[in-house]
Amino acid sequence: MACFFRRSITEYFCLLLCFVPLMSLSGCGSGQIAAPSIQAQTQQFDDALSKMKSKDYSGAKEAATAALSKPGLSADQVIEASVILIEAALETNDLETADSKLSEIEGVATDMGKVCVLRGRFWRKKGDEAKAQKSFQDARLHDPNVLIPN
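Residue 127 in our numbering sits at position 127 of the sequence shown, with consecutive numbering throughout.
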């Protein structure tokens, strides 16, 4: 219980503001989602994964955005699609989208090492090497085995 009280009210409020939209995108709290909607969102998610693997970053960004646009993904898929969108946005120099999505998943993602690396890549693209290095240090604190870009 001691850890619970170490966070400020502001931090919990920010987490709530990020968590509720993510859960609404995954369909939580909105009743039952029609099977065709789930299938469509899952197909968009699969397309985003495929395009990311083939380094079609613009296509991956478009497919991830489409996958996140409506309910139908699980909470884990929402986070993973957000990560794909962030990575694709960084690769295409769409820093506004990368920053926005990073802000949404920081604090709710389970792999904070990866999120900190993405934030570091964002800061590096913005030209702030000091903040990038701080983010990479934070990534190592969360996961000592995380791969840090050169």
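Check each hint, because a few of them may be wrong.
Said to hold, decoys possible - Below are the BS3-like pairs computed for lysine-lysine, each with C-alpha atoms no more than 27 Å apart in a straight line:
(1) Lys114 / Lys53
(2) Lys125 / Lys114
(3) Lys131 / Lys114
(4) Lys55 / Lys70
(5) Lys51 / Lys114
(6) Lys70 / Lys53
(7) Lys51 / Lys70
(8) Lys126 / Lys114
(9) Lys70 / Lys114
(10) Lys125 / Lys51
(11) Lys126 / Lys51
(12) Lys134 / Lys114
(13) Lys70 / Lys131
(14) Lys125 / Lys55
(15) Lys134 / Lys51
(16) Lys53 / Lys125
Said to hold, decoys possible - Pair by pair, the computed Cβ-Cβ distance ranges are:
(17) Ser74 / Lys53: 17 to 23 Å
(18) Gln137 / Ala35: 44 to 50 Å
(19) Asp46 / Lys134: 32 to 38 Å
Because the hints were derived from the structure by calculation, they are not lab data. Ideal Cβ positions, reconstructed from N, Cα and C, are used throughout, including at glycine.
Here is what the structure says about each hint:
no., hint, verdict
1, Lys114 / Lys53, "holds (17 Å)"
2, Lys125 / Lys114, "holds (17 Å)"
3, Lys131 / Lys114, "holds (16 Å)"
4, Lys55 / Lys70, "holds (25 Å)"
5, Lys51 / Lys114, "holds (20 Å)"
6, Lys70 / Lys53, "holds (23 Å)"
7, Lys51 / Lys70, "holds (20 Å)"
8, Lys126 / Lys114, "holds (18 Å)"
9, Lys70 / Lys114, "holds (25 Å)"
10, Lys125 / Lys51, "holds (22 Å)"
11, Lys126 / Lys51, "holds (25 Å)"
12, Lys134 / Lys114, "holds (14 Å)"
13, Lys70 / Lys131, "violated (34 Å)"
14, Lys125 / Lys55, "holds (19 Å)"
15, Lys134 / Lys51, "violated (30 Å)"
16, Lys53 / Lys125, "holds (22 Å)"
17, Ser74 / Lys53: 17 to 23 Å, "holds (20 Å)"
18, Gln137 / Ala35: 44 to 50 Å, "holds (45 Å)"
19, Asp46 / Lys134: 32 to 38 Å, "holds (35 Å)"
Hints 13, 15 from the earlier list are contradicted by this structure; the remaining hints agree with it.
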